[in-house]
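> For the protein sequence lines, the chains are L and X, in the order given.
Number 337 marks the last residue of the first sequence (my numbering); no jumps.
Number 337 marks the last residue of the second sequence (my numbering); no jumps.
Source of the hints: derived by calculation from the structure; they are not laboratory data.
All values reported here derive from a predicted model rather than from experimental measurement.
Don't take each hint at face value.
Identical copies carry no separate label here, and so any pair may be met within one copy or between two of them.
Said to hold, decoys possible - DSSO-like, lysine-lysine: derived pairs with alpha carbons at most 30 Å apart: (1) Lys81 to Lys192; (2) Lys274 to Lys137; (3) Lys276 to Lys30; (4) Lys30 to Lys326.
Here is what each chain is made of, one letter per residue.
Number of protein chains: 2
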Amino acid sequence: MSKYVIALDAMGGDHAPESTVEGALRALRKYDDVRILLAGPEDRLRELTASATDVSDRLGYLNATEVIGMDEAPMLAVRKKKDSSLVVAMNAVREGQAGAVVSAGSTGAILAGGMFKVGRIPGIERPALAPVIPGLKKHFMLIDAGANVDCQPKYLLQFGLMGSVYMQQMMDVPTPKVGLVNIGAEAEKGDKLTREAYELMQAQSEYSFAGNCEARDIFTEDFDVVVADGFAGNIILKHTEGLAKALFAMIKEEMMGSLRTKIGGALAMPAFRKVKRRMDYNAVGGAPLLGVNGAVVKAHGSSGGEAIENALRQARRMLEGDVVGKIRAGLSGLGEE
Amino acid sequence: MSKYVIALDAMGGDHAPESTVEGALRALRKYDDVRILLAGPEDRLRELTASATDVSDRLGYLNATEVIGMDEAPMLAVRKKKDSSLVVAMNAVREGQAGAVVSAGSTGAILAGGMFKVGRIPGIERPALAPVIPGLKKHFMLIDAGANVDCQPKYLLQFGLMGSVYMQQMMDVPTPKVGLVNIGAEAEKGDKLTREAYELMQAQSEYSFAGNCEARDIFTEDFDVVVADGFAGNIILKHTEGLAKALFAMIKEEMMGSLRTKIGGALAMPAFRKVKRRMDYNAVGGAPLLGVNGAVVKAHGSSGGEAIENALRQARRMLEGDVVGKIRAGLSGLGEE
Chain L
1 MSKYVIALDA MGGDHAPEST VEGALRALRK YDDVRILLAG PEDRLRELTA SATDVSDRLG
61 YLNATEVIGM DEAPMLAVRK KKDSSLVVAM NAVREGQAGA VVSAGSTGAI LAGGMFKVGR
121 IPGIERPALA PVIPGLKKHF MLIDAGANVD CQPKYLLQFG LMGSVYMQQM MDVPTPKVGL
181 VNIGAEAEKG DKLTREAYEL MQAQSEYSFA GNCEARDIFT EDFDVVVADG FAGNIILKHT
241 EGLAKALFAM IKEEMMGSLR TKIGGALAMP AFRKVKRRMD YNAVGGAPLL GVNGAVVKAH
301 GSSGGEAIEN ALRQARRMLE GDVVGKIRAG LSGLGEE
Chain X
1 MSKYVIALDA MGGDHAPEST VEGALRALRK YDDVRILLAG PEDRLRELTA SATDVSDRLG
61 YLNATEVIGM DEAPMLAVRK KKDSSLVVAM NAVREGQAGA VVSAGSTGAI LAGGMFKVGR
121 IPGIERPALA PVIPGLKKHF MLIDAGANVD CQPKYLLQFG LMGSVYMQQM MDVPTPKVGL
181 VNIGAEAEKG DKLTREAYEL MQAQSEYSFA GNCEARDIFT EDFDVVVADG FAGNIILKHT
241 EGLAKALFAM IKEEMMGSLR TKIGGALAMP AFRKVKRRMD YNAVGGAPLL GVNGAVVKAH
301 GSSGGEAIEN ALRQARRMLE GDVVGKIRAG LSGLGEE
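The whole structure should be built from the sequences, with the hints applied where relevant.
The following block contains the structure:
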């Protein structure tokens, strides 16, 4: 019996199903305690996996005839396309056939499916999308990176718990330091939402709240979890991408300015490549959707076989560390159950 | 008769009053249509300016015995310290003695003083702090960078107008392209605030609204004015600082990794310095506080004589371009008067 059953949306992502099948086979060969259920057109998937006789006993199929496209309205797509690979994979978690779902499909559809198909952990107000991002000193989790606009203070309180549990179980941080993104370090700073969230976070003892985290400190200080409403969180995530791109472009432009700096730039190229790799949060893994009643990992749309393998490993570890169970347990500590 | 009278908070900033006096004298020597009123302890200021007989006819004094410190609670300080250099300078605008104020003092105190001493332009809901920032392709104004948390849609509508007028008059952009910071490009994206602000901005024809500006595009696209509530705007501003710092630190770290990249880094150094200078939004000038009934410019706290001179030039140009009058005129176009 495999301990960890993961449903994989085999049709999600730019390179599916080749990438997803490749990733699944790689993961199965690496982890013998994993069973993977491929959601998608069964005939085609069986064809693609026909030669993998070494792991076929831990490979299952969830037949699904539809696919949710990247540009479809998420809520509508999840509701209407009941036979899509994503919905079928999520239903497998809802019905207890699998403990986890991995998808490289549309973010919006994964959020909608996580919320309405997998379902929330009882007591959780809103699930949150929470990538782990490489900072200067350490990796940190940004929660929420865009699942929820118009947040309530209580959502942010719970985001802190979910992030803390994740970093503990997945990144081996014994006591994650949780910060609240704000426009100043002092308790009384911020808008109505952050001031009220600060009070709630300060009052609990279920996780280690380290106070406000000014935006200028997100990448340079040593927070393990950085809590923000989904609007601010998404802005931070996207602005990081845009600014890094702008900065590298400026550096390149300025280096072209003289022969000396051109040569310097050519010599220094390996260092730039390392920084780009270091900054690439997709390399850290997929983003978990926390707060739902199962381990849901959203892999990047452009994921190849290796990235899918990594996302599957991540889902496996979420099951191993019982992230869902520990969030549920933590909720009672917050007085939510 | 000097055409442009500017009150200068001679005691504001880390290097005051030496830096402010130096900046004032430099500006007076450069612009013979400017008169500067130095607010601060008159005896001391007269001593510092004693040798400047060439411009003494365009130098005035507003005696002030108090100073507002950088760490004082802004509202309280502005209310209590009626004889502080900042309040005295701002009162000079309120009473029509001067058209503009420049200060390198506490940002909070400048906001509070602008709001309550200088006063709002009739019809303006909230003044906004609006630095001009060097993007990859062009400079853009970020409005609001932190004066107002908990904004209403109408504030954002007006920020767009104020930013548009400023970029027209000050940066010679004939039709500034105004974007609304949001988490997606489509009209229906965002939180309640941005969705409602979008509708208001879309419905007006007083300035050129170019739709939503995703955070990843702020630095790389060609918006002239980027509108955000003060919470999001402040996060963008501060995150820019922090991330740039983190990126440069990472590049440096990685360059130390091998002899080749070390040499490359040393050769490329001038290019890095140029990028750092290019990214330094303080070099673009002080940040105007728009929406108040006078030209108010907040210079950086660390300003030396040259930076103060630049802020004075900026205030002069705001008077020359009649930014306040044009914002007032634009308001009627928005149906606000």
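> None of the hints should be skipped; say for each whether it holds.
Each hint, compared with the structure:
Only between protomers do Lys81 and Lys192 lie at most 30 Å apart by alpha-carbon distance; the minimum there is 28 Å, versus 39 Å within a single protomer. For the homomeric pair Lys274 and Lys137, the shortest alpha-carbon distances inside one copy (15 Å) and between copies (26 Å) are both at most 30 Å. Proximity of Lys276 to Lys30 under the C-alpha cut-off of 30 Å is restricted to the intra-copy arrangement: shortest distance 28 Å within a copy versus 46 Å between copies. In this assembly of identical chains, the alpha carbons of Lys30 and Lys326 lie at most 30 Å apart only when taken from the same copy (26 Å versus 68 Å across copies).
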